[in-house]
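Residue numbers (this note's numbering), protein chains in the order written: chain A, 1 to 357; chain B, 358 to 981.
It should be emphasised that the hints constitute simulated quantities derived from the structure, not laboratory data. Here the structure is a predicted model, which is why all the values come from computation and not from measurement. Every residue gets a Cβ at the ideal spot worked out from N, C-alpha and C, and that includes glycine. Certain hints may be false.
[What the hints assert, rightly or not] Stretch by stretch, here's where chain B covers chain A in the computed footprint (C-beta under 8 Å, at least three residues):
#	segment
1	65 to 75
2	300 to 309
[As the list claims (entries may be wrong)] If we take Cβ atoms under 8 Å as the criterion, some of the chain B residues that face chain A in the derived model are:
#	residue
3	Gln511
4	Glu518
5	Val534
6	Ser573
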Amino acid sequence: MPEKLIDLKNITKRYDENVVLDDFSLYIRENEFVTLLGPSGCGKTTTLRIIGGFEKPDSGTVLFQNKDITDLPPNKRELNTVFQKYALFPHMTIADNIAFGLRIHKKSDAYIRDKISYALKLVNLEGYENRMPESLSGGQQQRIAIARAIVNEPKVLLLDEPLGALDLKLRQDMQYELIRLKNELGITFVYVTHDQEEALTMSDTIVVMNQGYIQQIGTPTDIYNEPQNAFVADFIGDSNIVSGIMIRDKLVEILGARFDCVDTGFGENRPVDVVIRPEDIDLVDPKDGTIEGVVTDVIFKGVHYEMCVMSNGFEWIVHSTDCFPVDTHVGIHVDPFDIQIMHKPESEDEKAVAVDE
Amino acid sequence: MKKHRGIKMLYLILMLIFLYAPILTLMVLSFNASKSRSKWGGFTLDWYISLVEDGAIISAFKTTLIIAFLSAFIATILGTAACIGMQTMRRKFRRLILAITNIPMLNADIVTGVSLMLLFIAARMTMGFKTVLLAHITFNIPYVILSVMPRFKQLNRNTYEAALDLGASPIYAFFRVTLPDLMPAIFSGFLMSFTMSLDDFIITHFTKGAGFDTLSTKIYSEVKKGIKPEIYALSTLMFAAVLLLLWLVNYHPWTRRKNDGANKKKFRALPGAAAVIVTVLCVSGLLSGCGSSAAADYSNPNSLFIYNAGEYIDPDLLTEFEDETGINVVYDEFETLEIMYPKVESGAAKYDLICPSDYMIEKMKDNDLLQPINIDNIPNLKNIGESYWETARSFDPENKYAVPYCWGTVGILYNKTMVDEPVDSWSILWNEKYKDQILMQDSVRDAMMVALKSLGYSANTTDEKELREATELLKKQKPLVQAYVVDQVRDKMIGNEAALGVIYSGEAIFTKRENPDLDYVVPKEGSNIWLDCWVMPKSAKHIENAEKFLNFLSRPDIAYRNFDYITYSTPNTAARELIPDEDIRNSEIAFPDLTKMSDLETYSFLGEKEDRYLNSLWREVKAH
């Protein structure tokens with residue numbers, strides 16, 4: 001296992017009465033692409049700013065290669081940030097923007113020249129040296145911002161929703177670009193986003209956050225397929241979350257019908273939350289299904305149809321390449337390994353409390 | 358539709374005429390070869406040429422530029438620093454501070470001016486370049502904040518953080534990244550301040566000192582003497598300059614956020630050039646200004662500082678005195694004695710000779726502000742008539758401090774065609790026959806004097822019973838009075854709008870010349886006689902020069918010419934002999950025989966408490 005590069009220990013941060021991070025701990029390993037994912041206000045940007053040195057935690061420590069950097073100002077830290085709104089210096093040329101950090105560190109002119117052309121090549125913007133930032137498109141500006149950060153050869157690159165202001169197509173292109181950069185440069189990326197698709201596409205590790213607490217840490221596959229609580233399940237992709245009763249190991253009752261599943265260890269006759277992804281529901285002939293329902297709504301989504309199926313007072317969301325018209329009576333079938341069982345939170349508070357890794 | 362457009366056009370044109378007709382008139386007149394304001398005498402640039410040749414105006418112009426540049430420059434630094442500070446404050450506190458800094462801008466200039474004057478006086482600062490500069494910096498700072506603060510809010514805070522992130526220290530990041538981003542707003546704040554400073558009259562007026570003038574105060578003092586075409590030219594130039602600056606502030610790309618980087622370099626040239634020109638002008642003004650400001654330096658032994666009421670001397674005589682003696686005269690005018698007094702008392706204004714009235718001389722003497730004048734060193738004082746020395750003894754018993762300069766009486770001006778009985782008594786002002794034909798002075802001492810004298814009391818009485826009686830008498834008179842006015846007595850009487858009016862003798866000579874039906878009389882019950890004298894404040898340093906000046910003024914030919922210019926009665930008997938017009942020389946109005954007139958009293962200083970009491974009585978009359 002690679003070394004822990006960044007280690008946040010028991011960080012608490014308040015703005016006035018508002019607690020943004022509460023006893024927050026997280027470590028990031030070398031050469032990892034870590035994404036902090038969560039809705040706005042979950043504390044992900046604050047975490048990034050604490051790592052960058054722009055905010056000081058009220059308590060707790062930040063370790064970088066096992067050295068305490070909690071009180072180190074940003075200009076003394078060996079990491080660089082790519083900001084959400086590019087933050088290029090508007091009165092400087094692209095070359096001057098990129099050379100800004102190098103000049104401060106008193107690099108030679110020849111070195112700076114080489115670095116500029118190397119960085120521009122890396123972000124596919126060769127020949128833009130003498131342009132002004134405002135003459136570039138949003139995507140180009142963001143790439144310059146990345147170039148400006150990486151020429152300083154930081155150990156860690158912090159990216160604060162860098163693609164948030166770009167349109168969909170550009171965003172997708174940039175996602176691949178970032179993965180390529182990460183692989184070429186071999187440095188650690190800490191990436192903040194609220195876009196689950198971005199997180200799933202690029203990350204080695206995703207940290208799902210809500211209200212200042214970590215909800216789940218894991219690979220994209222883990223997070224998607226085995227959400228540990230209703231919040232994660234709901235936030236990552238579309239989900240059907242329905243109350244159920246765990247009859248015994250490998251058998252759960254949902255809406256009065258019994259489904260086979262693969263989960264064990266929840267006890268007997270315990271209330272649980274059941275998560276079933278829309279694409280994991282098979283619509284079959286009513287007599288072949290575990291439970292019956294009526295199609296109430298159909299929307300064509302391109303790759304698939306999205307349908308609402310009403311059964312016993314619960315509305316299922318179903319994704320399927322086959323279309324069932326409205327008012328069709330259908331049966332619902334789910335394979336046992338597609339059913340994800342979760343503990344029911346006992347209070348509202350518990351919903352947001354950190355889950356052990 | 359078409360008809361409506363015509364109406365809209367017409368409305369627009371009318372509005373533009375309404376807005377710009379005055380300034381256009383001024384501009385046209387500045388090129389008019391004829392001095393007349395109503396006749397076109399052909400196109401000329403003569404007024405502009407003579408303007409450039411006028412040393413006093415050019416020096417005022419330089420002063421204006423220096424003050425404008427320095428005050429705008431310093432205010433820009435202070436204002437920008439204030440914005441930086443405010444930016445880091447909490448929102449609530451920032452709003453409060455912002456509101457506080459905005460208040461001086463909304464405050465009436467006159468309030469700002471007077472309060473700054475009081476502050477400088479309280480701080481015992483000498484009024485001059487320094488005080489005006491401080492005042493201008495003060496009123497400019499809010500404009501800089503107003504211009505810079507919104508830009509701060511637009512600023513992408515991330516650029517500053519990005520600079521830190523790339524290894525810049527906070528100071529380096531500010532100067533290299535934040536400041537260039539703010540520059541357009543800072544530049545427009547500077548230009549706005551520069552314009553405000555160029556424009557300002559009122560605040561400068563109250564905070565300036567001896568021999569110091571900016572263009573606007575210079576224009577004001579010139580206009581008081583009569584409007585010369587050079588002033589049209591000067592005003593036109595000022596208007597054009599301010600217009601140019603405002604254009605730079607509002608429309609120039611350099612002060613606006615530009616969207617196209619390619620155009621930037623092209624646009625930069627023009628304001629850059631403008632900035633260079635402004636700077637060169639200011640610096641050259643600053644250098645040459647050092648020379649001219651030395652002229653107003655009180656420590657220069659070869660100078661004389663004079664403080665007089667407005668339009669109270671023939672200005673040619675000052676030049677003549679300078680030519681004759683080589684002494685450099687710094688001449689200043691005060692608005693009222695009440696404004697003069699605190700400036701002199703605090704030492705904020707340093708003068709060698711001041712010309713106050715009787716009661717004020719008494720007050721200054723009582724407060725130990727005067728030094729004796731050595732009459733033996735001024736031989737020409739023998740030309741002052743003994744009766745005037747006698748009058749002066751009422752406030753200067755040993756004739757030690759005051760040299761008589763001008764004097765006069767208060768009396769009744771009447772229209773011979775409208776009044777059929779002989780006028781020789783104040784009582785005619787209570788005659789029902791002249792209801793709505795009577796004009797009274799709107800001044801507490803003069804009005805009270807009329808009532809007290811007609812009751813047979815002293816004009817300086819403090820007896821409560823006598824004052825009460827006089828008040829009741831004035832109340833009784835009120836229904837008969839057409840109006841309580843000051844200067845309008847003269848105009849209304851000339852225009853035959855009233856039959857009787859209380860007026861000063863100096864004005865009487867003038868009105869009689871304009872309307873021969875008018876005549877002036879000092880009523881037999883007695884009246885006020887006022888006497889203005891030259892006094893030397895204790896702090897005066899150029900005593901010998903002051904003595905030379907008083908000797909010069911008392912020379913018969915000089916005193917006569919001065920009388921001819923200002924038309925107030927001169928106490929110089931030798932000068933009176935030189936008046937060619939026999940009617941004036943022997944005029945009962947200009948030169949009444951003081952020995953024949955009893956009961957002429959000077960006003961004496963009654964004390965603050967008594968002044969307040971008199972004022973309350975006067976309000977009672979006015980409200981009746």
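Status of the hints after comparison with the structure:
no.: 1; hint: 65 to 75; verdict: holds (count 3)
no.: 2; hint: 300 to 309; verdict: violated (count 0)
no.: 3; hint: Gln511; verdict: 11 Å, violated
no.: 4; hint: Glu518; verdict: 6 Å, holds
no.: 5; hint: Val534; verdict: 5 Å, holds
no.: 6; hint: Ser573; verdict: 38 Å, violated
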